[in-house]
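Colleague: Residue-level listing of the chains:
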Amino acid sequence: MNKRAAAAGAAVLAMALGVTACGGDSGDSGDKNTIKLVAADYGDKKSNASKIYWDAVAKDFEKKHKDIKVDVQVINWNDIDKQVKTMIQSGNVPDLLQTGGYADKVADDLLYKADDVLSPKTKKNLIPSFAKAGEVDGTQYGIPWVSSSRVLFYNKKVFKKAGIKNPPKTWDELADAAKKIKDSKAADTPYALPLGPEEAQGETMMWELGNGGGYTDSSGKYTIDSKKNVETFKWLQDKLVKPGLTYSNPATTDRKTAFADFAAGKVGMLNGHPSLVQMAKDGKVDYGVTSIPGKEGPLKSTLGVADWMMAFKDGGKQKQIKTFLDFVYSKKMLKFDEMYNFPPVTQDALKTMQSNGKHDDLKPFFDELQNAKFYPLGDPSWDVVSAEIKKTGGKAAKEDPKKVLGDLQKKAEEAAANK
Amino acid sequence: MSLKAPPVRRSRGGLARLGPLPWIAPVVLLIAVVVVWPVIELVRTSFLNISIAGIVRGPAGTDKYKKLFDETDFSHVILWTALWTVVVVGVTMVVSLGLAQLFNQRFPGRRITRWALIAPWAASVLMTAIGFKWMLNQTAGVLNTALIDLGIIDKSKDWLGSAGTAWPWMMFVAVFVSLPFTTYTLLAGLQTIPADVYEAARIDGAGSWQTYRGITLPLLRPAFLVGVVINLINVFNSFPIIWAMTQGGPGSDTATTTVFMYKLKETDIGESAAMSVVNFLMVVVLVLIFLKVSRWNEED
Numbered sequence: 001m002n003k004r005a006a007a008a009g010a011a012v013l014a015m016a017l018g019v020t021a022c023g024g025d026s027g028d029s030g031d032k033n034t035i036k037l038v039a040a041d042y043g044d045k046k047s048n049a050s051k052i053y054w055d056a057v058a059k060d061f062e063k064k065h066k067d068i069k070v071d072v073q074v075i076n077w078n079d080i081d082k083q084v085k086t087m088i089q090s091g092n093v094p095d096l097l098q099t100g101g102y103a104d105k106v107a108d109d110l111l112y113k114a115d116d117v118l119s120p121k122t123k124k125n126l127i128p129s130f131a132k133a134g135e136v137d138g139t140q141y142g143i144p145w146v147s148s149s150r151v152l153f154y155n156k157k158v159f160k161k162a163g164i165k166n167p168p169k170t171w172d173e174l175a176d177a178a179k180k181i182k183d184s185k186a187a188d189t190p191y192a193l194p195l196g197p198e199e200a201q202g203e204t205m206m207w208e209l210g211n212g213g214g215y216t217d218s219s220g221k222y223t224i225d226s227k228k229n230v231e232t233f234k235w236l237q238d239k240l241v242k243p244g245l246t247y248s249n250p251a252t253t254d255r256k257t258a259f260a261d262f263a264a265g266k267v268g269m270l271n272g273h274p275s276l277v278q279m280a281k282d283g284k285v286d287y288g289v290t291s292i293p294g295k296e297g298p299l300k301s302t303l304g305v306a307d308w309m310m311a312f313k314d315g316g317k318q319k320q321i322k323t324f325l326d327f328v329y330s331k332k333m334l335k336f337d338e339m340y341n342f343p344p345v346t347q348d349a350l351k352t353m354q355s356n357g358k359h360d361d362l363k364p365f366f367d368e369l370q371n372a373k374f375y376p377l378g379d380p381s382w383d384v385v386s387a388e389i390k391k392t393g394g395k396a397a398k399e400d401p402k403k404v405l406g407d408l409q410k411k412a413e414e415a416a417a418n419k
Numbered sequence: 001m002s003l004k005a006p007p008v009r010r011s012r013g014g015l016a017r018l019g020p021l022p023w024i025a026p027v028v029l030l031i032a033v034v035v036v037w038p039v040i041e042l043v044r045t046s047f048l049n050i051s052i053a054g055i056v057r058g059p060a061g062t063d064k065y066k067k068l069f070d071e072t073d074f075s076h077v078i079l080w081t082a083l084w085t086v087v088v089v090g091v092t093m094v095v096s097l098g099l100a101q102l103f104n105q106r107f108p109g110r111r112i113t114r115w116a117l118i119a120p121w122a123a124s125v126l127m128t129a130i131g132f133k134w135m136l137n138q139t140a141g142v143l144n145t146a147l148i149d150l151g152i153i154d155k156s157k158d159w160l161g162s163a164g165t166a167w168p169w170m171m172f173v174a175v176f177v178s179l180p181f182t183t184y185t186l187l188a189g190l191q192t193i194p195a196d197v198y199e200a201a202r203i204d205g206a207g208s209w210q211t212y213r214g215i216t217l218p219l220l221r222p223a224f225l226v227g228v229v230i231n232l233i234n235v236f237n238s239f240p241i242i243w244a245m246t247q248g249g250p251g252s253d254t255a256t257t258t259v260f261m262y263k264l265k266e267t268d269i270g271e272s273a274a275m276s277v278v279n280f281l282m283v284v285v286l287v288l289i290f291l292k293v294s295r296w297n298e299e300d
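Chains as they are written, first to last, in the UniProt record's numbering: chain A, 1 to 419; chain B, 1 to 300.
Among the hints, a few may not be true.
Claimed, not checked - Below are the PhoX-like pairs computed for lysine-lysine, each with C-alpha atoms no more than 20 Å apart in a straight line:
#  : chain 1 : residue 1 : chain 2 : residue 2
1  : A       : K157      : A       : K295
2  : B       : K157      : A       : K242
3  : A       : K124      : A       : K319
4  : B       : K265      : A       : K266
5  : A       : K85       : B       : K265
6  : A       : K185      : B       : K155
7  : A       : K403      : B       : K157
8  : A       : K390      : B       : K157
9  : B       : K133      : A       : K410
10 : B       : K155      : A       : K242
11 : A       : K46       : A       : K256
12 : A       : K180      : B       : K265
13 : B       : K265      : A       : K182
14 : B       : K66       : A       : K266
15 : A       : K132      : A       : K242
16 : A       : K410      : B       : K157
17 : A       : K82       : B       : K265
18 : B       : K157      : A       : K185
19 : B       : K155      : A       : K179
20 : A       : K69       : A       : K295
21 : A       : K410      : B       : K155
22 : B       : K157      : A       : K182
23 : A       : K165      : A       : K180
24 : A       : K284      : A       : K228
25 : A       : K256      : B       : K66
26 : A       : K281      : A       : K266
Unchecked claim - Here are some, though not all, of the chain B residues that point toward chain A, as calculated from beta-carbon distances under 7 Å:
#  : residue
27 : I55
28 : G58
29 : M127
As the list claims (entries may be wrong) - Just a sample of chain A residues kept apart from chain B, beta carbon distances all over 12 Å, derived:
#  : residue
30 : I88
31 : A186
32 : T253
33 : S386
34 : K398
35 : N418
Rather than coming from a laboratory, the hints here were simulated on the basis of the structure.
Backbone N, C-alpha and C define an ideal beta-carbon position, used for all residues, glycine too.
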């Protein structure tokens, strides 16, 4: 009896330990010839999931390079940063990662230099402004993957109903147009200002650029609470938020809400990126695009956003990674850009997309790409700062901007000192 | 003969010498692995400097605690956590007292209404919260539509967009999901009160309010205390309602300490762990108060 009970106890114990052991890292991929690739999912439905793209790439690559295997894992945008963090913490580091930011990993010396994993030919093919945005202190680590730039979208029907002849070029014209839309009840939300956690750092920068401001000065020091930035938010507050020309709570309104509202014809105008093109078409919204208005005139350089590919040193698979990246960037780049209608980051893909006539709707974005301005991506503290802006930045549109931005500046300085 | 028994027992196999250990060892180990070890890890993490990429960069001393207490929002979050807990538990208890009393009466359809009360309990809290979030939505929400149609408001409101209106709504949802458990606890308590006590009171000529205060409430105290304490801990730790409805935003204006801890994770895991430790200590205090109060209950 005793023995049997003891055996049962031991079984329970083994089970309990087995269950908890699942939390540990499973299977060290000691196999030198398997590249572990983790990528973000750009799809918004099953039929255009990025998994489909990557699986096809891996299959074609493996056919050509029989000795190298590619292990693909695609994770949605909401979870990818958290999951990668967990992978790094548990020592289960991927070999290649395609996501939104790279500089924080450079700070911890986790990445190969771009020179180490790209052939000179592939590297030269990258559009220079993007390659440059991948640099930390003059050395490129981030390899651009896709890009986008921002323009002002407006609903032509709404503008016509409100009697607005030309799309706005300055802030005052924008406020004026918004007022006309409100007075004529042409749209629920004259100007959509999404400063919610999803992408507060984007909308904020587009407005700050319009006033000659931004997140950093020319030396790279944070200037989040500069006079010009405070002024920008003061203007937003007085001219858009208080008169009810935008959402009543910009700080809790996300970009996806604004985009959906525009696609439903409920918004007069908003700043948007290429994926809004398709959404607007699907919603049968007759839209126009123009450069984003600034305080005195349209922005000369708009906000450019890029997502990144990066290679981790941990697995020591430099040669295999190089072979794979050369393959992807020379053969498979265009396919991804066309799949999601994104402006490309390589010169040959850009040339093809500009000339083959299939992407005329992207033309305004191509034009703006050449002199786009980026977030301080190469600053290793940017990821922390960006997260802080997402959390509280939007409050500056309703509360005292000096206090909100001052608080962020303090946090940014702390993060910069801590990188 | 009985004096000789112990030596005989001692001479038996090794397992017996361990007494009950083999039986409770799995549980002890399980507790050690899923409770004790995480707590130790938690405390350890709060003293570490961890980069945003997830690399441990060395000890941080008490820096993370200092950073936490220096957060502009910290005092505000603590204050609202206290207010949130007290209001939700208070309202839940009062409403549940009434509901329990009602369900203790005999009336046609009692069985069905008792079942209906379970619904908010049986539904996932997250689902309930998301349901309310959409009902309160500014453009598509049924509440705005109804209120406008009834002429109560003339423009649809963004209820969850600012702290002033978001807090009351979230408190309402928290009360809504806490009611079933609390009501059933009190109902069980009510049913343990013997009928003859009431009969005696009636013979002595006590009014119904007098009976309620003099007999029902004192006899209900054990059940009431259990309800209060379990709700205190539940509501204090409540995460899904707030996360689903506002994510603690704008900023941290509608965050309790639990939500705040989760938000800190995005920028600094060490600081987030420090917040967890503070949270943990607060729960320990709550439990200690519970033990004290329940002992006072026994003595009484």
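Colleague: The structure should be examined with respect to each hint, and the outcome stated for every one.
Modeller: Now the hints, each set against the structure:
1. A:K157 <-> A:K295: 25 Å, violated
2. B:K157 <-> A:K242: At roughly 15 Å apart (the allowed maximum being 20 Å), A:K242 and B:K157 satisfy the hint.
3. A:K124 <-> A:K319: Holds: A:K124 and A:K319 sit about 19 Å apart, inside 20 Å.
4. B:K265 <-> A:K266: Distance ~36 Å between B:K265 and A:K266 Cα, so the pair is violated.
5. A:K85 <-> B:K265: 11 Å, holds
6. A:K185 <-> B:K155: 13 Å, holds
7. A:K403 <-> B:K157: 27 Å, violated
8. A:K390 <-> B:K157: Given pair A:K390, B:K157 is violated - Cα atoms ~24 Å apart, limit 20 Å.
9. B:K133 <-> A:K410: 34 Å, violated
10. B:K155 <-> A:K242: Judged against 20 Å, a Cα distance of about 16 Å means the pair holds.
11. A:K46 <-> A:K256: 19 Å, holds
12. A:K180 <-> B:K265: Given that 20 Å is the threshold and the Cα spacing comes to 44 Å, the pair is violated.
13. B:K265 <-> A:K182: 41 Å, violated
14. B:K66 <-> A:K266: 46 Å, violated
15. A:K132 <-> A:K242: 40 Å, violated
16. A:K410 <-> B:K157: 34 Å, violated
17. A:K82 <-> B:K265: 9 Å, holds
18. B:K157 <-> A:K185: 17 Å, holds
19. B:K155 <-> A:K179: 17 Å, holds
20. A:K69 <-> A:K295: Roughly 53 Å between the alpha carbons, so the hint for A:K69 and A:K295 is violated.
21. A:K410 <-> B:K155: With a Cα-Cα distance of about 39 Å, the restraint between A:K410 and B:K155 is violated, given a limit of 20 Å.
22. B:K157 <-> A:K182: Roughly 17 Å separates the two Cα atoms, so the pair holds.
23. A:K165 <-> A:K180: Roughly 11 Å between the alpha carbons, so the hint for A:K165 and A:K180 holds.
24. A:K284 <-> A:K228: 38 Å, violated
25. A:K256 <-> B:K66: 36 Å, violated
26. A:K281 <-> A:K266: Holds. A:K281 to A:K266 sits at ~14 Å (cutoff 20 Å).
27. I55: Status holds, d = 4 Å.
28. G58: Because about 12 Å separates B:G58 from the closest Cβ in chain A, which is outside the 7 Å limit, the hint is violated.
29. M127: 19 Å, violated
30. I88: 4 Å, violated
31. A186: Its Cβ never comes within 12 Å of chain B, the nearest being 16 Å, so this holds.
32. T253: 7 Å, violated
33. S386: 9 Å, violated
34. K398: 8 Å, violated
35. N418: At roughly 8 Å from the nearest Cβ of chain B, A:N418 sits no farther out than 12 Å, so the non-interface label is violated.
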